[in-house]
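**Q** Next come the chains, spelled out residue by residue.
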Amino acid sequence: GENVEQHPSTLSVQEGDSAVIKCTYSDSASNYFPWYKQELGKRPQLIIDIRSNVGEKKDQRIAVTLNKTAKHFSLHITETQPEDSAVYFCAASKVNRDDKIIFGKGTRLHILP
Amino acid sequence: NAGVTQTPKFQVLKTGQSMTLQCAQDMNHNSMYWYRQDPGMGLRLIYYSASEGTTDKGEVPNGYNVSRLNKREFSLRLESAAPSQTSVYFCASTLSGVGTYNEQFFGPGTRLTVL
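Sequence order for the protein chains is A and B. Under the numbering used here, the first residue of the first sequence is numbered 1, with each subsequent residue one higher. Under the numbering used here, the first residue of the second sequence is numbered 114, with each subsequent residue one higher.
No lab work stands behind these hints, which were simulated from the structure alone. The model shown is predicted, which means the values in this text are computed figures rather than measured ones. Glycine included, each C-beta is placed from N, C-alpha and C at the ideal position. Do not take every clue at face value.
Stated by the list, open to error - The following label-pair restraints were derived from C-beta to C-beta distances:
#  : chain 1 : residue 1 : chain 2 : residue 2 : range
1  : B       : Asn178    : A       : Gln60     : 42 to 48 Å
2  : A       : His76     : B       : Lys127    : 44 to 50 Å
3  : B       : Thr118    : A       : Gln60     : 29 to 35 Å
4  : B       : Pro196    : A       : Asp17     : 39 to 45 Å
5  : A       : Gln45     : B       : Glu192    : 30 to 36 Å
6  : B       : Leu228    : A       : His76     : 40 to 46 Å
7  : A       : Glu56     : B       : Leu208    : 22 to 28 Å
8  : A       : Arg61     : B       : Glu172    : 29 to 35 Å
9  : B       : Asn141    : A       : Thr78     : 33 to 39 Å
10 : B       : Asn178    : A       : Asn53     : 36 to 42 Å
11 : A       : Glu56     : B       : Glu192    : 44 to 50 Å
Stated by the list, open to error - Far from chain B, by Cβ distances over 10 Å, these chain A residues were calculated:
#  : residue
12 : Gln6
13 : Pro8
14 : Ser9
15 : Ser12
16 : Val13
17 : Asp17
18 : Lys57
19 : Asp59
20 : Ala63
21 : Ala70
22 : Thr78
23 : Lys100
The task is simple: from the sequences and hints, build the whole structure.
**A** Listed below in structure tokens is the structure:
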């Protein structure tokens, strides 16, 4: 089955700097890669996603890149702010009726003042 | 539109007790999921239901059973709770279906402690 590896497990960056989180997946049939943000004590929420027919997607300060050949994808957060402090999860899925979403183990991002 | 709701929010059980976690969604989603979240382990899939009337095992199904009662409701049962089942449990749902991309909507979670 699908396996998603996520690195690093913890990341500290100075406010205003950029943060990068990387994930790899094992199943070449996966074609949908969402990223979820989970604030302390809250539920995970989708922040951005990318489909396998696209190499990059941006939404304001966040962007995701996908390299299908290497089977890895990354989340980039620019101009980090205190409210970016959270746990971020990458995931991989196949688009069909019985698909599952397999999550990475998460990255705890700390934004330092 | 309440989205995904879960009950209870907190629960403390003794080893060997049983309980059912309830989940409901009002978004007319086809697929529903149960995850557990432990520190450093991310979200691990326990069971899922791709459509009403079907259920399938996920990564960590042992010690759990599920029921897809109807399209809206998906319950998780612990028959004989063990301390290893202490965790935060999240229910989620997606529209799913051919050609749809599966954003998952999560419930608020249930924090379960087994003594």
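**Q** Now tell me if each hint is right for this structure.
**A** Right, here's what the structure says about each hint:
no. : hint                              : result
1   : B:Asn178 with A:Gln60: 42 to 48 Å : 43 Å, holds
2   : A:His76 with B:Lys127: 44 to 50 Å : 47 Å, holds
3   : B:Thr118 with A:Gln60: 29 to 35 Å : 30 Å, holds
4   : B:Pro196 with A:Asp17: 39 to 45 Å : 41 Å, holds
5   : A:Gln45 with B:Glu192: 30 to 36 Å : 32 Å, holds
6   : B:Leu228 with A:His76: 40 to 46 Å : 44 Å, holds
7   : A:Glu56 with B:Leu208: 22 to 28 Å : 25 Å, holds
8   : A:Arg61 with B:Glu172: 29 to 35 Å : 33 Å, holds
9   : B:Asn141 with A:Thr78: 33 to 39 Å : 37 Å, holds
10  : B:Asn178 with A:Asn53: 36 to 42 Å : 39 Å, holds
11  : A:Glu56 with B:Glu192: 44 to 50 Å : 47 Å, holds
12  : Gln6                              : 8 Å, violated
13  : Pro8                              : 13 Å, holds
14  : Ser9                              : 7 Å, violated
15  : Ser12                             : 17 Å, holds
16  : Val13                             : 20 Å, holds
17  : Asp17                             : 25 Å, holds
18  : Lys57                             : 12 Å, holds
19  : Asp59                             : 14 Å, holds
20  : Ala63                             : 18 Å, holds
21  : Ala70                             : 22 Å, holds
22  : Thr78                             : 23 Å, holds
23  : Lys100                            : 6 Å, violated
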